[in-house]
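K.L.:
Residue 3 is where the sequence shown starts when you use the working numbering, and the numbers rise one by one after that.
Hints may be right or wrong, so weigh each one.
Pairs of lysine to any residue, SDA-like flavour, derived with a Cα cap of 20 angstroms [claimed, not checked]:
1) K4 with K96
2) K55 with L76
3) K55 with L74
4) K102 with E63
5) K96 with M3
6) K55 with D82
7) K4 with R97
8) K55 with R78
9) K96 with G31
10) K4 with V58
In case anyone wonders, no lab produced these hints; they're calculated from the structure.
Just so it is clear, the structure is predicted and the values come from calculations on it, not from any experiment.
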Amino acid sequence: MKPETLLQRLGDEETLVIDVRLRFEFRAGHIPGAVNIPWWRGGLLAEAVAGAKGSVVLTCEHGPRAWLAAGLLLLRGQTDVSLLSGHMRGWRRKRLPLVKE
Numbered sequence: 003m004k005p006e007t008l009l010q011r012l013g014d015e016e017t018l019v020i021d022v023r024l025r026f027e028f029r030a031g032h033i034p035g036a037v038n039i040p041w042w043r044g045g046l047l048a049e050a051v052a053g054a055k056g057s058v059v060l061t062c063e064h065g066p067r068a069w070l071a072a073g074l075l076l077l078r079g080q081t082d083v084s085l086l087s088g089h090m091r092g093w094r095r096k097r098l099p100l101v102k103e
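Model the full structure from these sequences, guided by the hints.
P.N.:
What follows is the structure, encoded as structure tokens:
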């Protein structure tokens, strides 16, 4: 999914954004409304998306962890999974909104 498309969907109940980076990376800056579930927590990821009403968008810093998380979800039967184009690095380059904790 393109960053601009996701930006328009932020706050939409039918879009779930999951940041699969480590907690310290997430706290340093994440997409507003995103939830943090590290990619290696496959069971927790599956639980989070089981109740999703629509699209699930995954992101990490550069892509590999989001790809792994997407694979885990696809193996568990989740079909509406997409990756954020450019991931967090691309989001920051476009100077799109970030939340820091």
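K.L.:
Are the hints correct? Go through all of them and say.
P.N.:
Structure-based check of each hint:
{"no.": "1", "hint": "K4 with K96", "verdict": "holds, 11 angstroms"}
{"no.": "2", "hint": "K55 with L76", "verdict": "holds, 16 angstroms"}
{"no.": "3", "hint": "K55 with L74", "verdict": "holds, 19 angstroms"}
{"no.": "4", "hint": "K102 with E63", "verdict": "holds, 15 angstroms"}
{"no.": "5", "hint": "K96 with M3", "verdict": "holds, 14 angstroms"}
{"no.": "6", "hint": "K55 with D82", "verdict": "holds, 10 angstroms"}
{"no.": "7", "hint": "K4 with R97", "verdict": "holds, 14 angstroms"}
{"no.": "8", "hint": "K55 with R78", "verdict": "holds, 17 angstroms"}
{"no.": "9", "hint": "K96 with G31", "verdict": "holds, 14 angstroms"}
{"no.": "10", "hint": "K4 with V58", "verdict": "holds, 13 angstroms"}
This entry satisfies every hint, going by the numbered hints stated previously.
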